[in-house]
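Enquirer: Protein chains in written order, with our numbering: chain A, -8 to 101; chain B, 9 to 121.
What the hints contain is simulated information worked out from the structure, not anything from laboratory work. Misleading hints may appear alongside valid ones.
[What the hints assert, rightly or not] Quick list of in silico lysine-lysine cross-link-like pairs, DSSO-like style, CA-CA up to 30 angstroms:
no., chain 1, residue 1, chain 2, residue 2
1, B, Lys23, B, Lys49
2, B, Lys62, A, Lys(-8)
3, B, Lys62, A, Lys98
Each chain, written out:
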Amino acid sequence: KQEVTQIPAALSVPEGENLVLNCSFTDSAIYNLQWFRQDPGKGLTSLLLIQSSQREQTSGRLNASLDKSSGRSTLYIAASQPGDSATYLCAVTATYKYIFGTGTRLKVLA
Amino acid sequence: EAGVTQFPSHSVIEKGQTVTLRCDPISGHDNLYWYRRVMGKEIKFLLHFVKESKQDESGMPNNRFLAERTGGTYSTLKVQPAELEDSGVYFCASSLTGADTQYFGPGTRLTVL
Chain A
-8 KQEVTQIPAA
2 LSVPEGENLV
12 LNCSFTDSAI
22 YNLQWFRQDP
32 GKGLTSLLLI
42 QSSQREQTSG
52 RLNASLDKSS
62 GRSTLYIAAS
72 QPGDSATYLC
82 AVTATYKYIF
92 GTGTRLKVLA
Chain B
9 EAGVTQFPSH
19 SVIEKGQTVT
29 LRCDPISGHD
39 NLYWYRRVMG
49 KEIKFLLHFV
59 KESKQDESGM
69 PNNRFLAERT
79 GGTYSTLKVQ
89 PAELEDSGVY
99 FCASSLTGAD
109 TQYFGPGTRL
119 TVL
């Protein structure tokens, strides 16, 4: 049974710091891994999608890597800003079902 | 193009009452999914429709939950009777095919008192 774990559960950093969010999964047989952002009271916004054949994806200040064999992914946020404050979720898919982690709650202090 | 929409955004009901949540997928998306997040836990899959057919309802917690998608357009999720443990955020998502990226709606926050 696939399980997804995210560490840390919460993170508070001063503005401008580079930071890394971690996601691990127990079954390496995945189609893709996706990172989402959720703002309070809002839905899920897709940030980056990494297909199983890829190693990383980049979008602006965000970079996500995938090491399928070790069951790990990291989301790197460069030069963090207060607007980055949100809950970050990773999810893996092996079929049509998304299996989510519990998320990392990020607060970037001005 | 409109995204996935859900109604209501928030519902507060008493234990034993009935609530119906609605999801309108992105136009043309045959695949529709329901997920939910209960307090402190991860978002979990409930079920998957392809057009009007239920493909997988393995995540439905019990028979108090009934999902429908008549005509293969919008979907409803009815909880009857609601229990305290049903409180949480219910998300709907849609995709063009089962292998495509799913687009999530804003969720319905259900509070059962």
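Enquirer: Are the hints correct? Go through all of them and say.
Expert: Right, here's what the structure says about each hint:
1. At roughly 21 angstroms between alpha-carbon atoms, B:Lys23 and B:Lys49 fall within 30 angstroms of each other, so this suggested pair holds.
2. With a C-alpha separation of about 22 angstroms, the suggested pair B:Lys62 and A:Lys(-8) falls inside the 30 angstroms cut-off, and the hint holds.
3. Distance hint between B:Lys62 and A:Lys98 is unfulfilled; the C-alpha atoms sit about 39 angstroms from each other, more than 30 angstroms.
Hint compliance for this structure: hint 3 is the single one not met.
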